[in-house]
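A.B. asks: Each chain, letter by letter, is given below.
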Amino acid sequence: MADVRIPEGLWDADITPEGVVANWLYRDGSEVDAGETVAEIMVEKATMEITAPAAGRLAITVAKDGVVRPGTVIGRIDEQ
Amino acid sequence: MSRNRVLTGSRAMVEAIAQEMRVDPTVFVMGEDVGPYGGIFSSTTGLLDEFGEERVRDTPISETAFIGAGVGAAMAGMRPIVELMFVDFFGVCMDAIYNLAAKNTYFSGGNSKVPMVLMTATGGGYSDAGQHSQTLHATFAHLPGMKVVAPSNAYDAKGLMTSAIRDDAPVLYMFHKGLQGLAWMAAPEGASTEVPEDPYAIPFGEARVVREGGDVTIVAISMTVHHALAAAEALAKDGVDAEVIDLRSLVPLDREAVLASVRKTGRLVVADEDYRSFGLTAEIIASVAETDPGLLKSAPRRVACPDIPIPYSRPMERFALPDAEKIRAAVQQTLNRAVA
Chain A
1 MADVRIPEGL
11 WDADITPEGV
21 VANWLYRDGS
31 EVDAGETVAE
41 IMVEKATMEI
51 TAPAAGRLAI
61 TVAKDGVVRP
71 GTVIGRIDEQ
Chain B
1001 MSRNRVLTGS
1011 RAMVEAIAQE
1021 MRVDPTVFVM
1031 GEDVGPYGGI
1041 FSSTTGLLDE
1051 FGEERVRDTP
1061 ISETAFIGAG
1071 VGAAMAGMRP
1081 IVELMFVDFF
1091 GVCMDAIYNL
1101 AAKNTYFSGG
1111 NSKVPMVLMT
1121 ATGGGYSDAG
1131 QHSQTLHATF
1141 AHLPGMKVVA
1151 PSNAYDAKGL
1161 MTSAIRDDAP
1171 VLYMFHKGLQ
1181 GLAWMAAPEG
1191 ASTEVPEDPY
1201 AIPFGEARVV
1211 REGGDVTIVA
1221 ISMTVHHALA
1231 AAEALAKDGV
1241 DAEVIDLRSL
1251 VPLDREAVLA
1261 SVRKTGRLVV
1271 ADEDYRSFGL
1281 TAEIIASVAE
1291 TDPGLLKSAP
1301 RRVACPDIPI
1311 PYSRPMERFA
1321 LPDAEKIRAA
1331 VQQTLNRAVA
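First to last, the sequence lines map onto chains A and B. In terms of this note's numbering, the first sequence opens at residue 1 and continues consecutively. In terms of this note's numbering, the second sequence opens at residue 1001 and continues consecutively.
Please keep in mind that the hints were generated in silico from the structure rather than gathered at the bench. Note that the structure is a prediction, hence the values are computed from the model and not measured. Any given hint could turn out to be false.
Stated by the list, open to error - Below 20 Å or equal to it, Euclidean Cα-Cα: the simulated EDC-like pairs (lysine to aspartate or glutamate) are:
1. A:Lys45 to A:Glu79
2. A:Lys45 to A:Asp3
3. B:Lys1103 to B:Asp1033
4. A:Lys64 to B:Glu1050
5. B:Lys1113 to B:Asp1033
6. B:Lys1237 to B:Asp1215
7. B:Lys1297 to B:Glu1206
8. A:Lys64 to B:Glu1194
9. A:Lys64 to A:Asp14
10. B:Lys1103 to B:Asp1167
11. A:Lys45 to B:Asp1128
12. A:Lys45 to B:Asp1033
To be verified - Anything over 12 Å on all C-beta distances counts as not near chain A; from chain B, calculated:
13. Arg1011
14. Gly1035
15. Met1094
16. Leu1143
17. Ser1192
Unchecked claim - Negatives, chain B to chain A, calculated, CB over 10 Å:
18. Arg1003
19. Glu1032
20. Ala1065
21. Tyr1106
Every residue, glycine too, gets a C-beta built ideally from N, C-alpha and C.
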């Protein structure tokens, strides 16, 4: 099981504490490849891409529009 | 074991463009901020990195010059995709669009083709005022010589873009900003869809029945498809079974799909974010009336932007633009019932 985690330092949380999940690019339960962009995070109207850390089945834990911070786990990948 | 990949409207457009550029060296992209910026509505994100500055060209702010150059390139054998950043900016470059791109195939006796895609952002709803919020579908559909398409979702955005690039005629590809899936602009739930990774083309002039129903036909396009579906859901709670048709293209126009639906329902509401008078909404109603006015059991209704510049003020803009509630009220009028 690998966490889909928003990287620490993706943005400066001292300036902008929170972002939101703007889009998921796979449905919950989809098979994804390692390194694929699986989600978009929006911070201060800028978009940042989140990639899959491993190949496997995606379980979304923070839905679209959910509030996130650097380090937040937004999903898991079951490597089977 | 399913991929179930979901794309936003903008990512679907970019995928179609990239796939065609990989197989056809004559395809290139040109426009304001299409390079490092990736298009202000993300219609070209990542293309510069893959294809380089020769094929993804940032232009000066002179629509007259670069759309004219696009027409020339198309006539010389290229397949340019030119972005007019906001459709509202057509005023300065309309000669290149409707006197050159639209007419040169005819004026050359068919000896020259103009296989150019002019993609342009439409629509309001985010307080960008009267020069950045218009839809203007009919302005281009009215003038002969161009095909005009307006997708309502990511699946259609990819398939229609592929068709537009491969078409030998000039194609106006009018995408609504609010359907792009931009992080900073809310999009309706159905705008992002599952999109196959392989290339595919959606033929022009084929409307899609997005919701079947027997009581009333709601004809929509682009953003109003989502308003129509929301209206249909609300109407279902009142026992009204609405059919929703997504036209997908204005030119060619699938009148047969509209007629087939109206033959079944006998009632018609047409919704478009463009201005009310002289528009798509009137064209659809005229098409039905010309064929057989007896098809209609009640007076048809138009839901469109009133004939005023789109307001900046959010409450005033909401008042002006079509939405689900206005469509629902129009449907109730066709049913000869009091509006709740």
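A.B. asks: Take the hints in turn and mark each one as holding or not.
C.D. replies: We went through each hint and held it up to the structure:
no., hint, verdict
1, A:Lys45 to A:Glu79, "violated (33 Å)"
2, A:Lys45 to A:Asp3, "violated (25 Å)"
3, B:Lys1103 to B:Asp1033, "violated (28 Å)"
4, A:Lys64 to B:Glu1050, "violated (29 Å)"
5, B:Lys1113 to B:Asp1033, "violated (27 Å)"
6, B:Lys1237 to B:Asp1215, "holds (13 Å)"
7, B:Lys1297 to B:Glu1206, "violated (26 Å)"
8, A:Lys64 to B:Glu1194, "holds (16 Å)"
9, A:Lys64 to A:Asp14, "violated (23 Å)"
10, B:Lys1103 to B:Asp1167, "holds (16 Å)"
11, A:Lys45 to B:Asp1128, "holds (16 Å)"
12, A:Lys45 to B:Asp1033, "holds (17 Å)"
13, Arg1011, "violated (8 Å)"
14, Gly1035, "holds (17 Å)"
15, Met1094, "holds (32 Å)"
16, Leu1143, "holds (36 Å)"
17, Ser1192, "violated (6 Å)"
18, Arg1003, "violated (6 Å)"
19, Glu1032, "holds (19 Å)"
20, Ala1065, "holds (31 Å)"
21, Tyr1106, "holds (43 Å)"
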